[in-house]
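Q: Using the supplied hints, reconstruct the complex from the two chains, each of which is provided in its own coordinate frame.
Chains as they are written, first to last, in this note's numbering: chain P, 14 to 386; chain E, 133 to 591.
It should be emphasised that the hints constitute simulated quantities derived from the structure, not laboratory data.
Keep in mind that a hint or two might mislead.
Here are the simulated EDC-like pairs of lysine to aspartate or glutamate, each with C-alpha atoms no more than 20 Å apart in a straight line [to be verified]:
(1) Lys221(E) with Glu149(P)
(2) Lys288(E) with Asp152(P)
(3) Lys541(E) with Asp426(E)
(4) Lys273(E) with Glu297(E)
(5) Lys221(E) with Glu155(E)
(6) Lys158(E) with Asp148(E)
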Amino acid sequence: MSSNDGDMDDGTHRGVSKLLARAAAADVRADRRLAVAVDDFFLPDESRLDERLRSALGGTLSALVAAVESAVRRHAARLLATRGVPELSIELETGDPVFSRLASAGLLRDVELMRELVGRARQDVLAEALPVDAPEDPDRASLLARLIQHPDSVVAAAAMALLAAESRRRGESEGLPTRTDLPAELHHRLVWWVAAALRERFVALADETPNGALPALDRALVEAATRSVSAHDEGDRLEAAAMRLAAALDARADELPPLLVEAIADRRPALFAALIAHALGVDHGDAREILLDPAADRLWLVLRALEVDRASIARIGLALSEADPRRDLDSFAEGLDDIAATPATDARAALAPLLLHPDYRAAMVALGRGGRA
Amino acid sequence: MNVTDPMLPPVRGLIDREGRLVEADKRLHDLNARAGGGVGQPIAIPQIATLTRLAQRLGILVSRGVVAADGDDDVELWVRAEPGADGVKLMITGWRTRAAWHPEALQGERDGDFLRSAGDWSWETDSALRITFLSINAGAKHGFDSGAMLGQPLTKLFALGEDREGAFPILGGLAMHQRFDDQRATIRATGRPVRLSAAPRTDASGAFAGFVGAVHMIDDEAPEVAPKLNGSGDGVSEAFAARLDHALRTPLGRIIANADSINAQSEGPLRQDYADYAADIASAGRHLMGLVDDLVDLQAIERPDFVVAKEPVDLADVARRAAGLLAVRASEAQVSIDKPAPQEVLPATGEFRRALQVLVNLIGNAVRYSPAEGMVWIRAEREDGIAAIIVADQGKGIAIEDQARIFEKFERVDPREPGGSGLGLYIARRLARAMGGDVTVDSAPGQGARFVFTLPYRE
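This is chain E alone, in the form it adopts within the complex (with noise of 0.2 Å):
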């Protein structure tokens, strides 16, 4: 697992008017040798090539984003290529290796069109948080004065509050310039209680550049949470669930359908890079499938009549065949897994389907998250009376302040991993828990995660 955090110190280099690397950190040094260069000859990466190049002629700092080959990867880089006296000084932020198909690309330009679309009115800020925009009826609608917040700092129009955990999530946004959703404020002007969510805007170099933000507003009836009324839970409708399960899932299996036909060339053969697009349609297509599974299950399971089966199950059993089911993905990802063994049992009351699910999903994290020829262990375990199944992994963890995160709805384990709707743990959490157990994790960073789902033991 690459160390992808953007925080991390630059890495510098110097390239000479010639084109040649003169000296650099030791990444980039890597990298560049990697691709066939070393100090002294010319920079051996294309990309950053061309940028340097680029930067010397309009003799002005030149920021880019470029994606660079690594091996069999890609490498996402955020280049500051200064030109001055003795070359083109280099630095070098972002490191993400890239997965053939990037959701989180995609979702960086969306996020502010997605939070615009669902919030009541939007507004937009510079770095400094000074207002830039404003949604011009919304004054005249909530009472304030638009016009006279316009290039104010933000919290001149809204009074920040702290959620119920005594948190400011728009501070942890700033800090990490990343997406934030429901921080609760008031509009200053009339006291109308509002939740603002917030996506980053970043320039090319990964800078902070402000947010794009929607406000809800809350009624004064129920400032808590949304009403749930006829079944309907957190505002996924059973109809639009059942909607949306209908309208996506058939063409998605289509399009999933077409695009592997298309990669493996059954029709004639095809420009390779071509064959490696419709892989790439293929994987968001299933990307996409996995996430309807999840909303479809989100909506079942918010709904207050939602209930599981009781039933014998063997919790040992259902581990086994969960392993089983991953067992190609694991291959691929040069992933061992260790099971139960198979005279091992179990005995445990729950609903077999279900549980299957929870295990499926945490020994798929599992298998994500590891390193290429590491080790997914599944251990079956009786305490008292409850059942536990232990899944560990030998990935980079999961730091303390993050374990409560994860069993939230829409976060994920690692927000800067491609793939996944953020659903997964929260939805394997309440399954366990509507069946009378419960999904935890201990895991300190550097040391693998540890998911342990229980359920009640049957004597």
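The following block holds chain P by itself, in its conformation from the complex (with noise of 0.2 Å):
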């Protein structure tokens, strides 16, 4: 690149070039364009994303990403401030948002909070689609708010605190959330990738910032960050609060399949989860997944083993397919008989990898998704 001739309009030579060479880089972006568009188009249906959960999955992560940064920089900002760095408080304050930076770092594609985040998307996909059912005695009020009349304080509590969190969760989509309603593990990890990526851009403006500020700066993030760990409490969420509302319940078998189809029938899929996680053992996620699963041989067998009725089962299998067009009625109704005929000792022993350690588990499926030995 010749920039050595002393023209007087090096700003239109500059201009150019930069002209020159994004063309000469064209090319090669029309084809990763085309690579990816390629991979799009024959990604299998089932597990492509719908627009419908793409835009929720969108919305939420910019929404946690929004709500962890926000009470970062704020913190910090005022730490800063105390401790007579102003012009890092002000910048701290108000420059642009990290979203976009831990994105195209790949952090957000973090296999684990994506799992929960989609399970968590899909699952309110799920409620939102549920045929709305009304009882037979419109004065009969619906499930949880007859359990918060539970004379059984434990039971009460517990409804009352699934209504709250559920209510919470719904608000996400009214204003900015708050908290981020994760797993504690995971929201470690987000606020510790959001505060450094602030710190990374003042890294990049170091010979502007005065002596001395980024070891201030690290030690206002990092405090910050501190202060937002500790106030998670991940049992506040949702997932915990349905699965304690379970363990109160502790359903017997004759209970449960009435709970379950009452579950369904009010739209609370993270309760039905709960509920079928706390009578097989395993946790919320996995429950979730089974709950959520397209094909749902899976929801069929933990239903046997729970030795749910087939007048149950038909009735969950009729409200999930109304919901989720990709379920296909037609083949649940034509196999019906052979569900209800499973001996629950039979869908037990089946099921059993799942009863296995969760840890031994993820290691299996890590295992497998690297190939075959």
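A: Quick look at the structure:
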């Protein structure tokens, strides 16, 4: 590139060479775009996110990052202001959001984070799509409203906590969430990512920042992040509240089927997942995955393992099929007799791998992901 | 006109294990017969056959809304299919005739969303009116404990008050399972006044499952009506209306024009159902366009400086022109219009354009609610100092208790009827009154409606 000819119009010249360089790169970019389009086109429909889920997921992810970011920023900026580094404080409070940086670094592709968020988004979409089911007696309160009046105060408190958690979770879409509602580990990860991304921006500006400012920034960011981490209580999560209610109810085998049916009729998939998680002894995430899987074979096995009767399975299957067009109602109706005829002991045996230590199972899946030996 | 009261007793039927109709109440029997079936034969309505088979295979009660063809019309049914020892018992309600484009199907789903976005915060209840959802920060913001209100009766959070007519809109909403607005209330914990509105949630068999509602906080300073500042009426600001007008009219015009040309298959042949969809799109577009017109009018007439011209008009002539404008629509609906004779004259004072608008609205309504082969009469009369145009139809009429309601904003003669913004009669009456006249109605159910448009008589 020649820029030594002392041209008066150096700005234009530089502009031209930039344009040329961009044009030269265009081929490569077009090729990459095509590759992505091809990949996208051939994705199997059953694992592809539909548009609704995509937008729900995008909204949740950016809102969570924004919630963490605003808390860390605000607190760190306050610390810096009181510690005599006001320029940094202002800079910190007003800079661009870090979301795109985290995304471009690939951090947000974190499997566990995405598993949680995809599961959550699917669960929300399901809750909204489940058919509304009016009770036979219109004066009978709905499931959670009844449980709040339960004579056992543990059940009543857990039911109330679940209703509150659901209101909070749904309120996310109405405004900026103030909490992430993530499992502790994921929340911690996210907080530190945000802190690191905030720092990075100032390292780039190191020449312009006064001496000693960077260590002050580090200290402030660490303190703000630690504060965010320790303020997070994963027991407040919707999933945790649902698990507490399931544990408080501790339904007997004959009490469980009507509860499961009503949880679906009341459009509370989180509670449904918690009920089967508690009954089976697996964690909520696993139960949720089983519930959300449109090829519902595992769910039928789970229900049979819990000795749920044919009519209840039919009701659950019908509601889930009405909610999710990917589920095949016809083949469900066709196979219902076989499902109902499956002995509980066989179903339990088939599900045994699900009950193994979660880390052990995760390791097996990871091994499988890497390809066969 | 089909009687479409969802409160009518359900229609019953029984289908045996082989899918044959064993017995049916008259309406189901007739519908099935029109579809080519009969007792002892397989049920001829495919959607009901599918539903019956599904209920039988699952062995549980299945409820679903289905749309079945009935001659040239579609009829919307809520079907409950309950399998038993001797076959599947059917219980069918709904029976509403569906137009090619049906705004209410959309409205039902979207009402909640619109309400939520319009309110300051939102709530939901189950069918027993227990609160199942509350905007979680509303409590902190407005001084009550959100968490403690969940699962409680709605009336524990709000003390409900009566409106200016001494009525409780929520009771009407609950009784008729329909949307209500403007339920006055106070938050018990703080005594702050609020306005509640809500849309019902119904299940597949049409049963009430709860409300999705919104709360509008009312400022203490202006408890009754929204303050009218800088000429803005009822929240619809002038700038907003202008923008709405501009931003919607152009794209809507394009949508309608393109949909019409797809429907006309002017670019080549097309599968018939796609061409029909295009007609639906065009008719939905026209509906929206009409709504935009109404909103712009509404904004204009609610301005405090709204004036109409007081010019000499011949009301009989205006009525003939309005009837002429609606001739095409009337003939499509197989309705004839009997308009004043060409030599008839009825001098009055008002604004020609506005008087025409009022009459187009009244006659348009009459055509819409007329049965096929029906007749709409337009008569010009004079009584003392009043010139009156009477528009009468053979529709199903308007119940006495509804006659005041239909002149209110966003109300419709028949809320189940597709089309219309619910602003037409409101605007018509406002215009008539601005010209020193009025629009009134007298009618009884089953006897058709008679609307009277009056203006001052000009000697």
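Q: Name the hints, by number, that the structure is in violation of.
A: Hint 4 contradicted; others consistent.
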